[in-house]
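Asker: Residues per chain, in single letters:
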Amino acid sequence: MISFDLLANTELAFERPAIDWHAAAPELVLLAWGALVTLVDLVWLEKARRFIPTLTGFGFLAALIPVVTLWADSDALPRQMFDGAYVTDELALVFKGLFLLSAYVVVLLGANYLNDGNYYDSEFYQLISASVLGMLIMASARDLVPIFIAIELVSIPAYLMAAWRKRDLKSNEAGLKYMLMGVFASAIMLYGMSLLYGMAGSTQISAIGEALTGLSDRPLVILGVLFTLIGFGFKVSAVPFHTWAPDTYEGAPTPLTAFLAVASKTAGFVALLTVILIGFESKSELVEPFMWVLAAATMTIGNLIALRQTNIVRMLAYSGVAQAGYMLAPLAVYSANPELSRSAVVNYLLIYAAMNLGAFAVVIIAARKTKSGEISSFGGMFQYAPGLTVAMTIFLFSLAGLPPVGGWLAKWRVFESLLFFGEGSTAPSLAGVLLAVLVALNSVVAAYYYLSVAKQMWFMPAVNDDNSTIKIPSALTIALAIAVVITVVSGVTNLMPELSTADFGLGQ
Amino acid sequence: MFLNQFLLFAAVLFSIGVYGVLTRRNGVLVLMSIELILNAVNINLIAFAAYNQDLSGQVFALFIIAVAAAEVGVGLAIVLLIYRNRRSIDITEQNALRG
Amino acid sequence: MSEFFREYLIVFFFILLAVAAVGGLIGLSSAIRPNRPSKGKIKNYESGVDPTEGGWSQSQIRYYIFALLFVMFDVEAVFIFPWATVLEELGWFGLVEMVIFIFILALGLGYAWRKGVLKWA
Numbered sequence: 095m096i097s098f099d100l101l102a103n104t105e106l107a108f109e110r111p112a113i114d115w116h117a118a119a120p121e122l123v124l125l126a127w128g129a130l131v132t133l134v135d136l137v138w139l140e141k142a143r144r145f146i147p148t149l150t151g152f153g154f155l156a157a158l159i160p161v162v163t164l165w166a167d168s169d170a171l172p173r174q175m176f177d178g179a180y181v182t183d184e185l186a187l188v189f190k191g192l193f194l195l196s197a198y199v200v201v202l203l204g205a206n207y208l209n210d211g212n213y214y215d216s217e218f219y220q221l222i223s224a225s226v227l228g229m230l231i232m233a234s235a236r237d238l239v240p241i242f243i244a245i246e247l248v249s250i251p252a253y254l255m256a257a258w259r260k261r262d263l264k265s266n267e268a269g270l271k272y273m274l275m276g277v278f279a280s281a282i283m284l285y286g287m288s289l290l291y292g293m294a295g296s297t298q299i300s301a302i303g304e305a306l307t308g309l310s311d312r313p314l315v316i317l318g319v320l321f322t323l324i325g326f327g328f329k330v331s332a333v334p335f336h337t338w339a340p341d342t343y344e345g346a347p348t349p350l351t352a353f354l355a356v357a358s359k360t361a362g363f364v365a366l367l368t369v370i371l372i373g374f375e376s377k378s379e380l381v382e383p384f385m386w387v388l389a390a391a392t393m394t395i396g397n398l399i400a401l402r403q404t405n406i407v408r409m410l411a412y413s414g415v416a417q418a419g420y421m422l423a424p425l426a427v428y429s430a431n432p433e434l435s436r437s438a439v440v441n442y443l444l445i446y447a448a449m450n451l452g453a454f455a456v457v458i459i460a461a462r463k464t465k466s467g468e469i470s471s472f473g474g475m476f477q478y479a480p481g482l483t484v485a486m487t488i489f490l491f492s493l494a495g496l497p498p499v500g501g502w503l504a505k506w507r508v509f510e511s512l513l514f515f516g517e518g519s520t521a522p523s524l525a526g527v528l529l530a531v532l533v534a535l536n537s538v539v540a541a542y543y544y545l546s547v548a549k550q551m552w553f554m555p556a557v558n559d560d561n562s563t564i565k566i567p568s569a570l571t572i573a574l575a576i577a578v579v580i581t582v583v584s585g586v587t588n589l590m591p592e593l594s595t596a597d598f599g600l601g602q
Numbered sequence: 224m225f226l227n228q229f230l231l232f233a234a235v236l237f238s239i240g241v242y243g244v245l246t247r248r249n250g251v252l253v254l255m256s257i258e259l260i261l262n263a264v265n266i267n268l269i270a271f272a273a274y275n276q277d278l279s280g281q282v283f284a285l286f287i288i289a290v291a292a293a294e295v296g297v298g299l300a301i302v303l304l305i306y307r308n309r310r311s312i313d314i315t316e317q318n319a320l321r322g
Numbered sequence: 278m279s280e281f282f283r284e285y286l287i288v289f290f291f292i293l294l295a296v297a298a299v300g301g302l303i304g305l306s307s308a309i310r311p312n313r314p315s316k317g318k319i320k321n322y323e324s325g326v327d328p329t330e331g332g333w334s335q336s337q338i339r340y341y342i343f344a345l346l347f348v349m350f351d352v353e354a355v356f357i358f359p360w361a362t363v364l365e366e367l368g369w370f371g372l373v374e375m376v377i378f379i380f381i382l383a384l385g386l387g388y389a390w391r392k393g394v395l396k397w398a
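Chains as they are written, first to last, in our numbering: chain R, 95 to 602; chain D, 224 to 322; chain B, 278 to 398.
Keep in mind the hints are simulated off the structure, nothing from the lab. Hints should not be assumed to be uniformly reliable.
EDC-like cross-link-like pairs, simulated, lysine to aspartate or glutamate; straight-line CA separation at most 20 Å [as the list claims (entries may be wrong)]:
#, chain 1, residue 1, chain 2, residue 2
1, R, K465, R, D262
2, R, K549, R, E468
3, B, K392, R, E304
4, R, K260, R, D215
5, R, K141, R, D262
6, B, K316, B, D327
7, B, K392, R, D215
8, R, K141, R, E217
9, B, K392, R, E140
10, R, K260, R, E217
11, R, K264, R, E184
12, B, K396, R, E140
Here the structure is a predicted model, which is why all the values come from computation and not from measurement.
Next up, chain R with everything else stripped away, as it sits in the complex:
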C-alpha cells in the first residue's frame, strides 16, 4: 500500500526562508496601497469618491519607485527568494515597469469614463490594483504555484470588471463568457501542471526543465506540456482559444478593454516566456510545431475577421488577436536562438502596449462626443479634432507596422528572429521562413483595415456634419501624451534595454 507518512521522510525542522525586502518592495507597496484605498473607501464611502481614482494612480507610481531603485542597483540582480521560486531579474523589472505604467494610463482613461456612464464604484480601482499585483507577481514567478496564483489574481478581478455595467446585458454577457472560458482554461492548464509536477517531483520551473530533458516523449509528457500551453494560449487570446476576446472586448467598459488587451495579454506572454524558455527548453521539437500552428492561425484568422468589422472596438480586438500571432511567432523557432526570440517578444510587447493603449484612448475620447463605436462615426475628425486625428494616425501606422513609428521596429525584430541562421547552418530554417512570409502577408492585410480607419478620419465628411469640437479631460490628455511619446520614440531609437542575464533568470 501507498505510505502517507510524508513527514517521516521530510525534515521536520522548519527554517524560515530569508526575504529580500528590497526585491519584494514593488509588490508590498502595491498591496499596502490597495489595502489603503479599500480602507479609505470603507471609512468615507461616497465622500472619498472624487479622490479614489487619483489615489489609485499614485499607488501605481509609488510602486514604480522600488522598481527604479532595483534597476539602479543592477549589480545585485538577479535577486532570488525562496530557493529560486521568486526571481527579480532585469526582464522582470522591465515588465513590472510596463505593467505599472500601463495600469496608470488605464486609470487615467477610466476616471472620466466610469463617471460619465454613471457606473462609478470605487471597487473598480481596488480590483484593478489586485489585478496589477497579480501581474507584478507573474513577472517574477519561477514556480508553478506562484504562476498559478498570479494568473488567477490577474483574471478573477478582470471577470468582475468585464461585467461592470450591471444593468447592461452586453456587459453581463462579456463577463460571463470571459469567466467561463477563463476558468475552464485555467482548469485545463492546472491539469497539465499537475502532470508536469508529477514527472519532475518539484513545482519549480527550472527543476521541471531539468527533469524533462531526461524524459522521452511519453504521452504523459506531451499532455502535460500541451495542456499547460493551452492555458496560456487562452490568456494571450491565441486562435483557437480567442473566442472570448472580441465579445468581452466589446461588452466590457472600454478602459477595461484597453487593460485586458494590453496588460492582461502581456502577463500571459510573461508566463509563456518563463514556462517555454526555462521549463520546456529541451522539448523544442514538441513545443515549436505547436507554437508555429498557433502563431500562424492566430495572425491569419485574427486579421481576416478584423477586415470585416464595422465596430472600432471589435476591430481593435481582432487586430489584437492578430498582433498576438506576431508575438507568438518568435516562440515557434526559439531553439535556434532563445535570446533573440525572447528579446523580439519583449520588444514587441513594450511597443504594442504603447500603441494599443493610445488607440483605445482615442476611441474613448471620440466616443464621448459620438456616443458610438462604429468606424463610420470617425468621419471628418480631422476637421474638428486635428490633434486627435494625428495621434490616432500615429497609432494606426504603428499598429500596421509602417516606419518611422514604433511598430515597424517591433516587426523587424520578429523577422530577425524568424530568419535567424541556426548554428552551423547556411540558411534559416524552413519553418522560420514560411512563418516570416505569413507575417509579411498578414501585415499587408492588416495595413488595409488600419489605414481605412485613417482614411475615414482624414477624408470622409463628419456624421450629420456635426463639426463641434471634442473636450478632452486633462487625465485623458496625459494618457494620450504618454502613449504618443513612447510610440514615436520607440520607432526612432531602440527603447528596449540590453538584458544581461543570458540564463533567463535561472540563477548565477
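Using the hints, position chains D and B against chain R.
Answerer: Below, chains D and B alone, put in the same frame as chain R:
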C-alpha cells in the same frame, strides 16, 4: 506503489468535467463541471506528492482549493447578475454579442 | 492475481455480504407482513400537516450572499492550520505575518459590512 489508480481516477474525473463543460447549457452546471476538473487536479497533485515524497504538491493543492472557492464565488455572482437581467441562465441564449 | 486486486477481493465479498443481508431481511419482512395500501401512506410525511405546493421551491437570494461569505472565510482557514504547526519556529515574525493576513481578510469582511451586504432586509 500504486500510483496508477489515482491517476486513472483523476483522468476519469477530468474527462467527466470536460464533457460537462462542453455539453451543459446551464451556467451553474458548467461551473460545477469545472470544479470536477479542479478536484481531478488536486487528486493528481496529492497522489504525486505522496509518490515523490515531496510536500510541494500538497501545498499546491491547498492553494487550488482556496482559489477555486474564489473563482466559483465570482462565477456564481456573474451568473446571478445575468439571471436578474434575463430570467435565464442558459448560456446558449447569450447572444447579444456576435461577430 | 496481483496483491492489489486481492485486496479488493475482500471489498467485493463485503459487498456481496451486505447485499445478501439487506435483501434477505427486506424479503423476510415483506413475506410475513400484512399488505394494506392506502393513499395516506405515500405522502411525503405520513403523519402531521398535509404538504402544500410542489417539491421545488426557490430559496431567498440573501442566503446566497451569506453562504458565499462563509465559504470564502472558511476556505481561507486552510492556510492557518499549516501555519499553526510551525508557529514555534517562526516566532514573532510568523505572528506578524498572520496578523497581516487576517487583517486583509478582515478588510473584506469590513467592506461587506460597510456596504450593507450583511443587513438582513
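Asker: Could you run down the list of hints and mark each one as holding or not?
Answerer: Each hint tested on the structure:
Of the pairs offered as hints, the one joining K465(R) and D262(R) holds, with about 15 Å between alpha carbons and a cut-off of 20 Å not exceeded. About 14 Å separates the Cα atoms of K549(R) and E468(R), which keeps this hinted pair within 20 Å; it holds. For the suggested pair K392(B) and E304(R), the alpha carbons sit about 51 Å apart, so the restraint of at most 20 Å is broken. The straight-line distance between the Cα atoms of K260(R) and D215(R) is roughly 11 Å, inside the 20 Å bound, and the hint therefore holds.
Our distance criterion of 20 Å between C-alpha atoms is broken by K141(R) and D262(R), whose separation comes to about 26 Å. In summary, the hint linking K316(B) to D327(B) is supported, as the alpha carbons are separated by about 12 Å, within the 20 Å threshold. Pair hint K392(B) plus D215(R) holds up; C-alpha atoms about 11 Å apart against a cutoff of 20 Å. Using a Cα cut-off of 20 Å, the hinted pair K141(R) and E217(R) holds, with the two alpha carbons roughly 14 Å apart.
At roughly 11 Å between alpha-carbon atoms, K392(B) and E140(R) fall within 20 Å of each other, so this suggested pair holds. Using a Cα cut-off of 20 Å, the hinted pair K260(R) and E217(R) holds, with the two alpha carbons roughly 13 Å apart. A C-alpha spacing of about 41 Å is found between K264(R) and E184(R), which places the hinted pair above 20 Å, so the restraint is violated. Restraint check for K396(B) and E140(R): satisfied, since their Cα atoms lie roughly 19 Å apart, inside the 20 Å limit.
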